[in-house]
Amino acid sequence: MKFAIQINEGPYQHQASDSAYLFTKTALEKGHEIFRVFFYHDGVNNGTRLTTPPQDDRHVVNRWAELGEKYDLDLVVCVAAAQRRGIVDDGEAERNGKDATNIHPRFRISGLGQLVEAAIQSERLMVFGD
Amino acid sequence: MSEAIKKFLYLNRRAPYGTIYAWESLEVVLIGAAFDQDVSLAFLDDGVYQIVKGQDTAAIEMKNFSPTYAALGDYDVTKLYVEKESLEERGLTIDDLMDLKWEDEDEDWAEKDSIKVVSRFELARIMEGQDVVFSF
Amino acid sequence: MSELHTVNKSPFEKSSFASCLEHVLEGSAVLLYEDGIYAATKGTAVEGKLKSAQGVKFYVLGPDLKARGLGEDRVIDGVEIVDYEAFVDLAAEHSKVVAWV
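Chains as they are written, first to last, in our numbering: chain V, 1 to 130; chain G, 1 to 136; chain A, 1 to 101.
The set of hints was computed from the structure by calculation and includes no laboratory data. Source: prediction; values computed, not measured. Every residue gets a Cβ at the ideal spot worked out from N, C-alpha and C, and that includes glycine. One or more of the hints may lead you astray.
Taking lysine to aspartate or glutamate pairs in the EDC-like style, the calculated list, with each CA pair at most 16 Å apart, reads [what the hints assert, rightly or not]: (1) V:Lys25 - A:Glu22; (2) V:Lys30 - A:Asp89; (3) G:Lys6 - V:Glu66; (4) G:Lys7 - V:Glu92; (5) G:Lys84 - A:Glu22; (6) G:Lys7 - G:Asp108.
Computed Cβ-Cβ distance ranges for the label pairs, DEER-style [to be verified]: (7) V:Lys98 - G:Asp74: 31 to 41 Å; (8) G:Leu30 - A:Lys42: 24 to 34 Å; (9) A:Arg68 - V:Arg84: 31 to 41 Å; (10) G:Thr93 - V:Glu94: 49 to 59 Å; (11) A:Asp77 - V:Met1: 25 to 35 Å; (12) A:Ile76 - G:Thr93: 51 to 61 Å.
Computed footprint of chain G on chain A, listed as stretches where at least three residues anywhere in the stretch have a Cβ under 8 Å from a Cβ of chain G [to be verified]: (13) 46–53; (14) 64–76.
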């Protein structure tokens, strides 16, 4: 079955991203397809490569990136939500005159239409939030 | 893409301004309108506060996004279900809400109400009939 | 096919659980996870709400229960304890998922 995953909260503050990760990983291991993981609201903070948790804690961002690498996942950070919260890729830095980027290379920034398209293309939409 | 049209329901259960969920949810509705799906919005619990009339955010220095709800009709988003019990629990009536209209192209652009007050049970049935439910 | 509703907040902190139960139709299922698991435990002030939901099947996510120090013996009779595999199965088996975030 084809799933779309929507994550509304950032890492560490809420369990939402952890739950979504375990759901996604389990679904993939069971042979399901994940059409897209869409990060919205504060969920865009799951896509920053600058996250540095203590060594004895899980690395929420890298864990998504590694799962993304293993299964070729489409990890999409919402552009409107990202701009508000300072999550920046090369294109956004250039457009908005920013001197740095912080998006993890395994993620991409794109529009809200990607969430709607994911809901259309998938058989189930799973929302993880606060 | 030639998929069948899906029935989308946006579940609005949060008050505006205290958190950004209501506003960013509305942004999805606006973008989603371009995808020509069968869209409905449900306002229940604190979500009914989103469409209370007379919002003025000047003194809290936040953007007043409430006028956007009035534009939904232009995006062909014309089904706004408001839960009766949620209104009553909060001491509100439909008169406290914005007068949201849409113009029916098939009836010589006749103005029609977008808001429909429904009971909790009716809303549960409306939810049952959807293909996708968005929560924010 | 019926719906799967998910609740991830404590019934003592937020109205998600109460609101979910007010909208869940007979024949549907509710999965309690994260802080939502507290609604599945015995002897609480909200236990009656779960018990009075007619024709609704309840599930609770075991890993979240265990993480919070609550043993399986604390779970209300009739509530099924599931793992993430079963969570995925439940989402696939029901016609759609409604998240009461």
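Right, here's what the structure says about each hint:
1. Taking the CA atoms of Lys25 (chain V) and Glu22 (chain A), the gap is about 32 Å. The hint is violated against a cut of 16 Å.
2. Taken as a hint, the Lys30 (chain V) and Asp89 (chain A) pair is honoured in the structure, with Cα atoms around 9 Å apart against an allowance of 16 Å.
3. Distance restraint check for Lys6 (chain G) and Glu66 (chain V): the Cα-Cα separation of roughly 33 Å exceeds the 16 Å cut-off, and the hinted pair is therefore not satisfied.
4. At roughly 33 Å between alpha-carbon atoms, Lys7 (chain G) and Glu92 (chain V) are farther apart than 16 Å, so this suggested pair is violated.
5. For the hint linking Lys84 (chain G) to Glu22 (chain A), the alpha-carbon distance of about 13 Å falls within 16 Å, and the restraint holds.
6. Restraint check: the Cα-Cα separation between Lys7 (chain G) and Asp108 (chain G) comes to about 26 Å, which exceeds 16 Å; the hinted pair is violated.
7. Under the hint 31 to 41 Å, the C-beta atoms of Lys98 (chain V) and Asp74 (chain G), about 34 Å apart, fit the expected range.
8. Range check, Leu30 (chain G) to Lys42 (chain A): Cβ separation about 46 Å, and the 24 to 34 Å hint is violated.
9. For Arg68 (chain A) and Arg84 (chain V), the Cβ-Cβ distance of about 33 Å falls inside the hinted range of 31 to 41 Å, so the restraint holds.
10. A hinted range of 49 to 59 Å holds for the C-beta pair Thr93 (chain G) and Glu94 (chain V), which are about 51 Å apart.
11. The supplied range of 25 to 35 Å is met by Asp77 (chain A) and Met1 (chain V), whose beta-carbon atoms lie about 31 Å from each other.
12. Between Ile76 (chain A) and Thr93 (chain G) the CB atoms are about 38 Å apart, so this pair departs from the stated range of 51 to 61 Å.
13. For a cut-off of 8 Å, the count of residues in the region 46–53 of chain A with a CB near a CB of chain G stands at 0, and the three-residue condition is violated.
14. Coverage of the region 64–76 of chain A by chain G is violated in this model, with 0 residues showing a Cβ closer than 8 Å to a Cβ of that chain against a need of three.
Comparing the model with each numbered hint stated earlier shows that hints 1, 3, 4, 6, 8, 12, 13, 14 do not hold.
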